[in-house]
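Here the protein sequences line up with chains G and U, keeping their order.
No gaps in the numbering here: position 226 of the first sequence is 226 in the numbering used here, and each next residue is one more.
No gaps in the numbering here: position 54 of the second sequence is 1054 in the numbering used here, and each next residue is one more.
Fair warning: there could be bad hints in the mix.
Partner residues aside, some chain U positions facing chain G, computed with beta carbon under 10 Å [claimed, not checked]:
no.: 1; residue: Leu1015
no.: 2; residue: Glu1050
no.: 3; residue: Asp1060
no.: 4; residue: Asp1063
Because the hints were derived from the structure by calculation, they are not lab data.
All C-beta atoms, glycine included, are put in the ideal place defined by N, C-alpha and C.
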Amino acid sequence: MTDPAHQQALFIPADGPAGSQRFCVYHPPVGHAAGTVVYVHPFAEEMNKSRRMAALQSRALAAKGYAVLQIDLHGCGDSSGEFADATWATWLADVATAARWLRARHAAPLWLWGLRAGCLVAAEAAPLLDEPCHFLFWQPPAAGKTLLQQFLRLKMAAEMLDGKAAGVTDALRAQLAAGQAVEIAGYSLGPSLAQGLEQAQLRPPAAATQSIWLETSTRTDAALLPATQSAIAAWRKAGHDIHAAAVTGPNFWQTQEIEDAPALLAATLQSLGQALVPA
Amino acid sequence: MNVQHEVLRVIDEVLSLGGRSATFTRDTPLLGAIPELDSMAVVTLITTIEEQFGVMVADDEIDGDTFATAGALIDFVSGKLAA
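Next up, chain U with everything else stripped away, as it sits in the complex (with noise of 0.2 Å):
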């Protein structure tokens, strides 16, 4: 699985982005930067997330820097797969 690639679909399809995120790298901002993601989009985030890669996550598990960019999300989600 190319994690990368799941991650950004995911995030498209949650944020009915239409297919922006095919332009995103790993330094692209999320946080802060894209205003359909707010809280509800950040819990459906979450949940997508463990329902797709089949990973649980703890509350403490998270903070605003998982989601600070794109990378950072990447990567939390290739340390969960890696557990």
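The following block holds chain G by itself, in its conformation from the complex (with noise of 0.2 Å):
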């Protein structure tokens, strides 16, 4: 595995006030560059949980002759910006930037590599690019509609504990509704980023690409999640060749105790392999 000193951690410019900028760690490419990779990161909380498994793999990665950036989206981790600021179109903007970040350095393939809602920014952030992409999707949820509902659920589950559930939700979405940020388990969470997660879907985008799905599944007798076999069906049919597999895991982005799931560092690693697309 390629040696973590290795990895270069550097900002990069992005539009916006002046001093925006996004923080990425670069992992340089062992020998010449068989594909280039943007991380787009997962939600919220769960950015936080899945740094260790996105490090372990950028860097098996690099070792196999990728050249990985991982970038943390406008409002996130070390990039300037409040997360009450951040947009769906900045999100977008931030995934295009670092694919040319990238392209500038290196002839090979792009491979936008999500993990959960990671997967519907770079799924939309695609036909925004000067070039062609595949994909590598880590748990792809069914829609946006289900993280949001999933993250508003934090306020009413906090206030399920002091006895006073009901409405929360409701209440959230007026807020939301009415142009106001609401405050969930630690973010601040603006109507327009609200609004962008809930309407994003994973659309089969018009240039046909490879893909490759992958899901962790707490099940020795591991499979895929019943709304992910419908979504691949509806790409394969939109001419997208996609390969898929759930492998034995937990489900590392939400556990309690930060948790590594080697049987997907594999599963990436060989799915990759097969999937090399001639430069």
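Each of the two chains sits in its own frame; use the hints to bring them together as a complex.
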């Protein structure tokens, strides 16, 4: 595995008020680049819980010859801006920025690698790029609407533990509809981002792609979620070549303790190796 | 499907109990008794139950009582599956 010291932390300029920038970690490929990969992280606390897996996978990819750029989206991690100021549009633009940065350095095929909500951001950013791309989806959600509901539920759950849960979610939605940010689990969620997430879907892009869809399952007989199977069928019908699999492992983006999913790391490397598109 | 077995498995995984749920009975208290069961874990439990059992849970369907004991949660899931 690549020496972690080999990776480079850097800031990339971004559109917005003076000084706008995005924090990135670049993992240079060992040898000639077989592919370039932009990692699009998941939403809110899931980003923090999955940091370790993202780092492990990024390093493993670099060791296999992929140039990987992890980018903290607008208002997230160490990038500029407050979470409340982030919008779906700025997030899509960030993916394009990251893709351009890698393209300026390597000629190899581009993969957008998303985890959970990151898959939705990646899928919707693809049409905005100057070039074709492929997708590496980790735990792709059925729709952004489901993720938003799960996030709003955090407030309800906190209230529930205090014995007053009724109507909490409705009140949050009313607040967002009125153009106000809502405070949930330490995050200030703005109406624009909430709306973008709610409307996001994994629509198959017009240009045919190769895609890898991977899920972890805690069941010993790991199988893809039913909603995922429907989505994959739609993408294949639209002409996309998809390799999909479920591996046994923890849902590391949401577990109480930080956990690893080694089977996912292995499956990712193997799938990419088999999917290699001639440069 | 053995609902009790599956629900206890989900609890164990979501709360990172490392197999402790194998000792749980229907009377084992959950909310307030397990420190790992905070609001984030409650939401994750609901979501995981939805995904793994293929059910939809409305916000007004649940309250603190649903998570009072393992038995209460198992009964809730059984009820959703029978619906």
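Would the hint on Leu1015/U stand, with a C-beta cut-off of 10 Å toward chain G?
At about 6 Å, which falls below the 10 Å cut-off, the nearest Cβ of chain G leaves the hint on Leu1015/U intact, so it holds.
Checking hints one by one. Is Glu1050/U an interface residue toward chain G, by the C-beta closer than 10 Å rule?
This hint holds: Glu1050/U lies near chain G, its Cβ roughly 9 Å from the closest one there, short of 10 Å.
Classify the hint on Asp1060/U as holds or violated, based on whether any CB of chain G lies nearer than 10 Å to its CB.
At 6 Å from the nearest chain G Cβ, Asp1060/U passes the 10 Å test, so the hint holds.
For the hint on Asp1063/U, just tell me whether its beta-carbon gets within less than 10 Å of chain G.
holds (6 Å)
In this structure, every one of the numbered hints holds.
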